[in-house]
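**Student:** So you can see what is in the structure, the chains are spelled out below.
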Amino acid sequence: MGKFKKKKSGDLPAISTASLPDIVFMLLFFFMVATVMRENSLKVKNVLPNADQVEKLDKKDLIMYIYVGQPVKELQKRYGKESVIQLNDKISYVSDIKSFVAAERASKREELRDYLTAALKVDKDANMGIVGDIKQELRKVNALKINYTTRQGDISENRN
Amino acid sequence: MAKRAAPEVNAGSMADIAFLLLIFFLVTTTIETDTGLNRKLPPINEEDVDVVIKEKNIFTVLINDKNQLMVEEELMEIKDLRKAAIEFLDNGGGTGEDACSYCKGKKSPTSSDNPDKAVISLKNERGTTYSTYISVQNELVAAYNFLRNRRAQELYGVSFAEMQKNYDDVNYKGNKEKLKEQIEKIKIEYPQKLSEVQNK
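Those protein sequences? They're chains C and V, same order as listed.
Here the first sequence stands for residues 1 to 160, where the numbers follow my numbering.
Here the second sequence stands for residues 1 to 200, where the numbers follow my numbering.
Worth flagging that the hints you see were computed from the coordinates, not collected in a lab.
One thing to keep in mind: the hints can contain errors.
Quick list of simulated restraints, FRET-style, between CB atoms [stated by the list, open to error]:
1) C:R159 / V:V27: 51 to 59 Å
2) C:M26 / V:K66: 28 to 36 Å
3) C:R109 / V:I188: 29 to 37 Å
4) V:L21 / C:A106: 31 to 39 Å
5) V:Q153 / C:T17: 55 to 63 Å
6) V:K180 / C:G153: 41 to 49 Å
7) V:K176 / C:K77: 52 to 60 Å
With a cut-off of at most 35 Å between alpha-carbon atoms, the simulated DSBU-like pairs for lysine-lysine come out as follows [unchecked claim]:
8) V:K185 / C:K145
9) C:K59 / V:K107
10) C:K73 / C:K60
11) V:K3 / C:K59
12) C:K60 / V:K79
13) V:K40 / V:K123
14) V:K40 / C:K60
15) C:K140 / C:K3
16) V:K3 / V:K107
17) V:K3 / C:K145
18) C:K45 / C:K140
19) V:K123 / V:K187
20) V:K66 / C:K56
21) C:K60 / V:K3
22) V:K106 / V:K117
23) V:K165 / V:K187
24) V:K83 / V:K107
25) V:K173 / C:K45
26) V:K173 / C:K3
27) V:K3 / C:K43
28) V:K180 / C:K60
29) V:K106 / V:K83
Even for Gly, the Cβ is constructed at its ideal location relative to N, Cα and C.
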């Protein structure tokens, strides 16, 4: 019977942290896969509205993003509290959309230019006036494919 | 020769390194929303073409700057909009050439002739909130989707959404040509005719 030694009672054994790195790596890989690098930092408030009849956007590289919303706190002194447009990394005006679309088109291969979609990421509290202006500008430059980017959810959540 | 055990590498700081990386990724990345409502803007026409549409074939939706909804001259809640739009599109009140064989509506003579003739006209004011506008768009798209799904179920036993998903699926086993034809057929039967009035 000497083969089975009785456990030493007394000291609590230290908890092994050997698997901690594995756990953290697992989390790390999850975030690496599920997220994308931030392309441009947001300078406007951007809480998207909900909709449930959504389609998925494919061809990520053929999308130009137009952000609309109230400027963030730090910029409100300069731009006021009304909704503004953000193109690339800076706050712009409606008149800048033409050159923005032209620049986006020029950066794509010629045969793909017709598939370019404008994704409107508009804050849910913005008013339609500015959105209407943007749509009118897009029509002028013949960029007719648009997408109202929304989160997936019930529309009843849109009411504040 | 003395047998020396290889010294163990201290892995105690491994967790710290991993945490560092994790926090870096948490800060620099975002979970991107890549869903939305696809729309197509009408091209700008140089010459104004006057298209005569019968009054009864137009379903007017107006959102004012207090986010109230007026549908066909009557105040309406957003939750009732989908049903009203379906009723209008699926009315099928036309006779003779305009008759609609697949409509299941009331066939009221004061509502639309057939889904091909029916136009939804959406008008908003500058002060309308974007979230309300999206809600309305969503309900109108839902009305079209409902009718298309129903028609697809009737004809082919699968929903329209399923058909489109299959069409986009590269691993789909069935006949894609045929599927495309079927999708087109339903799109012709229930075309999305959503016109937006430009606010001045």
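**Student:** With reference to the structure, classify each hint as holding or not holding.
**Tutor:** Status of the hints after comparison with the structure:
1. The beta-carbon spacing between C:R159 and V:V27, approximately 33 Å, falls outside the hinted interval of 51 to 59 Å.
2. As the Cβ distance of C:M26 to V:K66 is approximately 50 Å, the hint placing it in 28 to 36 Å is violated.
3. The hinted range of 29 to 37 Å is satisfied by C:R109 and V:I188, whose Cβ atoms lie roughly 33 Å apart.
4. At roughly 37 Å, the beta-carbon separation of V:L21 and C:A106 lies within the given 31 to 39 Å, and the hint holds.
5. Evaluation of the 55 to 63 Å hint for V:Q153 and C:T17 yields a pass: the beta carbon distance comes to about 57 Å.
6. A C-beta distance of roughly 31 Å is found between V:K180 and C:G153, which places it outside the suggested range of 41 to 49 Å.
7. Taken as a hint, the range 52 to 60 Å holds for the pair V:K176 and C:K77, whose Cβ atoms sit roughly 57 Å apart.
8. For the hint linking V:K185 to C:K145, the alpha-carbon distance of about 23 Å falls within 35 Å, and the restraint holds.
9. A threshold of 35 Å between alpha carbons decides the hint, and for C:K59 with V:K107 the separation of about 43 Å lies outside it, so the pair is violated.
10. A C-alpha spacing of about 30 Å is found between C:K73 and C:K60, which places the hinted pair at or below 35 Å, so the restraint holds.
11. Restraint check for V:K3 and C:K59: the C-alpha separation of about 61 Å exceeds 35 Å, so the hint is violated.
12. Proposed proximity of C:K60 and V:K79 is supported: the alpha carbons are some 33 Å apart, at most 35 Å.
13. Our distance criterion of 35 Å between C-alpha atoms is met by V:K40 and V:K123, whose separation comes to about 16 Å.
14. Among the hinted pairs, V:K40 with C:K60 is consistent with the structure: their alpha-carbon atoms are about 18 Å apart, no more than 35 Å.
15. Restraint check: the Cα-Cα separation between C:K140 and C:K3 comes to about 89 Å, which exceeds 35 Å; the hinted pair is violated.
16. With a C-alpha separation of about 97 Å, the suggested pair V:K3 and V:K107 falls outside the 35 Å cut-off, and the hint is violated.
17. With a CA separation close to 74 Å, the supplied pair V:K3 and C:K145 exceeds the 35 Å bound.
18. At most 35 Å may separate the alpha-carbon atoms for a hinted pair to count; C:K45 and C:K140 meet this at roughly 27 Å.
19. Only pairs whose Cα atoms come within 35 Å are accepted, and V:K123 paired with V:K187 is accepted, the gap being roughly 24 Å.
20. With a CA separation close to 31 Å, the supplied pair V:K66 and C:K56 stays within the 35 Å bound.
21. For the proposed pair C:K60 and V:K3, the alpha carbon gap of about 60 Å is over 35 Å, so the pair is violated.
22. Restraint check for V:K106 and V:K117: satisfied, since their Cα atoms lie roughly 16 Å apart, inside the 35 Å limit.
23. With a C-alpha separation of about 15 Å, the suggested pair V:K165 and V:K187 falls inside the 35 Å cut-off, and the hint holds.
24. Restraint check for V:K83 and V:K107: satisfied, since their Cα atoms lie roughly 16 Å apart, inside the 35 Å limit.
25. For the proposed pair V:K173 and C:K45, the alpha carbon gap of about 45 Å is over 35 Å, so the pair is violated.
26. With a CA separation close to 63 Å, the supplied pair V:K173 and C:K3 exceeds the 35 Å bound.
27. In summary, the hint linking V:K3 to C:K43 is not supported, as the alpha carbons are separated by about 65 Å, beyond the 35 Å threshold.
28. Of the supplied pair hints, the one linking V:K180 and C:K60 holds, its CA atoms being roughly 24 Å apart against a limit of 35 Å.
29. The straight-line distance between the Cα atoms of V:K106 and V:K83 is roughly 13 Å, inside the 35 Å bound, and the hint therefore holds.
When the structure is compared with the earlier hints, violations turn up for hints 1, 2, 6, 9, 11, 15, 16, 17, 21, 25, 26, 27 and for no others.
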